[in-house]
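Turn these sequences into a full structure, and let the hints guide you.
Everything in the sequence shown is counted per my numbering, starting at 28 for the first residue and increasing by one.
Where hints are given, some of them may not hold.
Heads up, simulated BS3-like pairs for lysine-lysine below, C-alpha to C-alpha not over 25 Å straight-line [said to hold, decoys possible]:
| # | residue 1 | residue 2 |
| --- | --- | --- |
| 1 | K186 | K90 |
| 2 | K90 | K140 |
| 3 | K57 | K90 |
| 4 | K213 | K186 |
Quick caveat, the hints were computed from the structure, so don't treat them as lab data.
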Amino acid sequence: MTDVVETPEAETEEVVETAVAPLDDAMVRKVIEGALLAAGQPMTVAKLLELFAVDEDREPPAKDLVQAMLEDIAADCDGRGFELVEVGSGWRFQVRAETAPWVNRLWEEKPQKYSRALLETLALIAYRQPITRGDIEEIRGVAVSSHIIKTLTEREWVKVVGHRDVPGRPSLYATTRQFLDYFNLKSLEDLPSLSELRDFEELNQSLDLDDSEKEALAEAEERDGIEEAQTEVAEAAAEGNTESAEAEAEAEAEAEAEAEAEAEAEAEAETSIESTGHDNPVEHTESEQTPQS
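Quick look at the structure:
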C-alpha cells in the first residue's frame with residue numbers, strides 16, 4: 028500500500044501597492060510661480076515638468092495640467108504691473124510695457140539706441156532669412172557695415188546658419204531664439220506682416236522721441252557711417268600694401284637674378300684668364316714684338 032504524502036498549499040504573498048498621491052494642484056501652481064521667478068530666464072513646460080520628476084513619493088503632474096496652470100497664471104496677471112508671456116524660449120514673468128519707463132529708472136545706464144541702418148538690416152534678416160550680406164546690400168542699395176553684423180551677432184539676435192553654394196561661399200544669416208525673446212515673440216509667425224510696417228521716420232514720430240533721443244539715433248547712424256568708411260579705407264590700404272609688397276618682391280627677385288648673372292660672367296672671365304696663364308695677353312704679345320735697341 029502506497030502512502031500518499033500531502034504537500035501543504037503554497038502560501039500566497041499579498042503584494043500591497045502603495046498608492047502614489049498626486050501633488051495638490053495649488054502646490055503645483057506655487058512651484059511653477061516660484062520657479063519662473065527664480066529662474067531669471069524663460070522656462071519651457073518640459074523644463075518645469077523636470078522639477079517634479081525627482082519626487083518618487085509623488086506623482087508628477089500631467090503636461091496638460093502644467094500648461095493650463097501657466098495660462099491661468101497669465102490670466103491672473105491682468106491689471107498688474109507685470110505679466111506672464113510665452114516667448115521663443117519658454118514662459119517668463121516680465122514688466123508690462125506701460126510701466127517700463129518708470130521701472131527702467133532702477134538702472135542708471137540708458138538703453139542703447141540703434142541706428143536705422145542696423146534696424147533695416149535686422150528686419151531684412153528676420154523677413155528674408157536665410158539671407159547673405161550681399162543680398163542685404165542689394166536690397167538696401169548700400170554696403171552693410173561690418174560693425175552692424177558684429178553688433179547683431181554679439182547681441183545674439185542673428186547667427187550664421189550655413190553658407191550659400193556659390194563662389195566665395197557667403198554666410199547665410201538667420202534670427203535666433205534670443206531675438207524672439209527680446210521682441211516678445213513666440214515664433215517668427217508672430218512678426219507683423221510687411222503691410223503693417225511703416226517707414227522708420229514715421230516710426231520715430233509715433234514713438235514721440237525727444238530731441239536728445241533723436242540726436243542719439245543720428246549720432247549712431249553717423250558713427251556707423253564713419254566706421255564703415257574706416258573699414259573701407261583699411262581694406263584699401265591692405266590691398267595697397269599687398270600690391271607694394273608684391274612689387275618689392277619682384278624687384279628683389281630681378282636684382283638677385285642680375286647679381287647671379289654678373290657673378291657667373293666674372294667667374295667665366297677668371298676661368299678664361301687662368302687657362303692662358305697671363306694677366307694681360309695683349310700687352311705681353313706687343314712687348315715681345317718690340318725690337319731691342
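Against the structure, the hints:
no., hint, verdict
1, K186 x K90, "violated (32 Å)"
2, K90 x K140, "violated (41 Å)"
3, K57 x K90, "holds (16 Å)"
4, K213 x K186, "holds (18 Å)"
The structure fails hints 1 and 2 (numbered hints given earlier, in ascending order).
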